[in-house]
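Q: Keeping the supplied structure of chain A fixed, place chain B upon it in accordance with the hints.
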Amino acid sequence: MSTVAVTPTVRTAEQYCTFWVADLFFGVAVDEVQEVLRHQPMTPVPRADAAVTGLINLRGQIVTAVDLRVRLGLPPREGDQLPMNVIVRSRGEVVSLLVDDIGDVIDTAGVDGQPAPANMPRKVQDLVCKDRGVLPLADAILLVLDADRAVDVSTTPDNPGGTP
Amino acid sequence: MDDDAEIIAEFLVESHENLDQLDRDLVELEQQPDSRERLSSIFRTIHTIKGTSGFLAFNRLEQLTHVGETLLSRLRDGDALMTPAITEALLSMVDTVRALLDVIERTSTDTDPAVDVLPLVALIEGLLEAGLPTTDSSETPAVDGLSPVDEVSEIGGAVVEPDVSPAASTAAPPEGMVTDEVAVPETSWDGVDRRTAVEASVRVDIDLLDDLVDLVGELVLTRNQILQRAGGAEDIELVRASQRLDLVASELQESVMKTRMQPIGQVWSKLPRVVRDLSHQLGREVELVMDGHETELDRSLLEAVKDPLTHLVRNSLDHGIERPEDRLAAGKPAKGTLSLRAYHESGQVVVEITDDGKGIDPERISAVALERGVVTRDQLSRMDAREVLGLIFRPGFSTAAAVSNISGRGVGMDVVRTNIERIGGSVDVTSEIGRGTTTRVRIPLTLAIIPALVVGEGEERYAIPQANLVELVRIEGDDLRRQVEDLAGAPVLRLRGKLLPLVPLAGILGGPVPDAESLTVVVLQSDDVRFGLCVSTVFDTQEIVVKPIGRQLKGLAMYAGATIMGDGRVALILDVPGTAVTAGVVVAQQDTADSRAVTADDRTALLVLEVSDGRRAALPLAAVSRLEEFAQDRIERSGVTEVVQYRDGILPLVRLATAIGLADTSDREEQISVVVHETAGAAGGSVGIVIDRVLDVVDVAITASHVGRRHGVTGSAVVQDRVTDLVDLAAVVAQSGVPV
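Chains A and B supply the protein sequences, listed in that same order. Here the first sequence is numbered in the numbering used here, starting from 1 and rising by one per residue. Here the second sequence is numbered in the numbering used here, starting from 165 and rising by one per residue.
Just chain A, with the same shape it has in the complex (with noise of 0.2 Å):
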């Protein structure tokens, strides 16, 4: 009975749903996935972070939406590209990530996690999980991002030394 009982949560760990962030091919654990949205009218946040994009209206709740992009250092998408929303949960809080594009959720049962590349840029590195890393699937490699962290932004406040 035990290992019936075991089996789905190892699964659930081993399904992640997907997105696009230019040509990087990420994942997320579903189980951290609370929905996934077309683009939302979004309220800029002066003065804040570069990442955080504005602030989501979902269902009455307040959700801040941090671009990937931004966290990944990669260049803002292209004119009309709107982005769409990986809404996450993250200690205790949602958060939208803004991404490409939205893939399935797969499961990569069999798949062995690999650290990330040492050539990968930084930034990039800095958002891929640390223990299962890189996934290289048979028709793409899948990058697990660690959604804590990319939605870490920066807290320490802008300069506040007066009017610019």
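Source of the hints: derived by calculation from the structure; they are not laboratory data. Every residue gets a Cβ at the ideal spot worked out from N, C-alpha and C, and that includes glycine. There could be a bad hint or two in this list.
Said to hold, decoys possible - The following residues of chain A were derived to be distant from chain B, with all beta-carbon distances above 10 Å: (1) D31; (2) L82; (3) P117; (4) G133; (5) A138; (6) I141.
Unchecked claim - For the chain B half of the interface with chain A, some residues (derived, Cβ under 8 Å), not all of them: (7) L385; (8) G674; (9) A726; (10) G732; (11) V734.
What the hints assert, rightly or not - Derived DSS-like pairs: lysine-lysine, alpha-carbon spacing no greater than 30 Å straight-line: (12) K470/B <-> K711/B; (13) K499/B <-> K470/B; (14) K434/B <-> K470/B; (15) K130/A <-> K718/B; (16) K496/B <-> K434/B; (17) K123/A <-> K718/B.
A: Just chain B now, with coordinates in the frame of chain A:
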């Protein structure tokens, strides 16, 4: 007395709940007479009531529960066995206790003769004396057991007792009836149409209340959306329905918010004990005066201010009120007074903690703050007395010479302030040496839904809490040029004779400041700072639901949270104190003091000096960084400029007397007195202004006159009954060759 009333009310609610349980227990006990567990439960309940009634001096209630308790303890210990007679007696006791509680609720005493306990006490004592399960004499105990009711009817008949007459009249029938059915008089007793404390209140889970508040918040938002849509609708029914919705939602909101309101007395109720214990421990004599404890505020806030308030009270005892002998020596009564006052003021709750102790010595605060490295001497020299007192709220500051276990345990006033500011409140302190100290804590009434002014800047809207709003000013055309001036790049508005620093919202938000033909100024007040926020559009005031924002934005002091507008979009709520800091107006006010000293008739802190053999001159204190003395022989020359070596640098000197056209007499002493002024210019640097001596520091409202105007002097004013030259600092500094 009010405290007593509160304790009594709590006692009543609790006792009634216990009695209901007791009824059930007794009935079940009849079924299982030997249930030790149930007997113990009954015993505990009666014991509790007895204890509290003794404490509250309800002697008759105590007397009754005492015999009841004795009977129960016998039963519990197995010394007696349950019989119908005993059950009967116990049930009668419960009824009589209930009747007494009703009397207490109506009259706050249990002395109403309408309820007589003696026959029942006698009956139970009789049962006790009989020792053990007595006869099956159900009739006598039953009648006696009903005696409270009988008494009521008798007295109700004999004496006019309007208070109890409903009870008396309904209770009258049982008089003749010899019955062993207890429930009959009980129901007739309860059939009265008055609501008791118990019936009038329901205990509700806090989480449920919080959920309700959230839901009402959602409803208010939805209402706002519907109102906006229905505003332009042609369907008259829709418009009407939306108006009704508006009304109902507002009332619902108000009611739900009220459910969370609790009197601040709940927090205070523990203070008399704290004060008593502490004053014993510290050897102080203190009288605690509390006023306004019925002032209500949101429960979550109440919870949040509990510890800070207690800490402030402890502080007053520890640092404020002196020992009796010291007080007598100072000509004060030996017994100190600590008074707590709570009241509502402009949508906020203000709690004042005042002691008549020794007060706070700014000198000492300054010394300690320097010693602990809380401020630099430089910063300190720019502070006025009020700001110096404010230093006690800085982290790392604690004046307790020895760390006592009362205060100064590392939990300092900075924590108090942090906790109060976290809930949107503020705290400030005023003190008079030898007379006492008042700490004023301001707390918002509620956090969840607040009235706010919605303004627009760029594409976005921002909500400004109404609590900080003073007024709205719109300036157009000629007025714009006349009333708005530029002081060294800082726009200020002349508003009824006062200079108001102006801050463009667009600028604070990091955008370009648009040039406009007109100016809309939202005048805001944050603690001591008043400033004008220039916005491009003002929408309206509305009730907004404050929602927390994620930790990614916690570092931004200018936002208090966010809210959802009628169209479903998110709008940020400006935190006015944070905005003031971000905008730099907290500092800006001091900077403008320089020019105000000579132009505006405003209160200004001035350093009054003596130059040229008894002539008086004044400098704005804000312009003074430090006061120094140098030996005459340290003066060297660089070209034509006198200099001294100072702090690893060269400090150019200007003889003030010469600079303002007077004869210089500053080298009569061996030491020269120098006012060090740090220039604000891009090059930066200090200038030493050589004077004869410092006379005083004053904080006065001056009326500047042009009399005596010349190079280096902008005019003169009467300061401390003497005509004093107002120094044109820029002109004086220019003589040193240092760029201004």
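Q: Against the structure, test the hints numbered earlier, and report the numbers of the ones violated in rising order.
A: none
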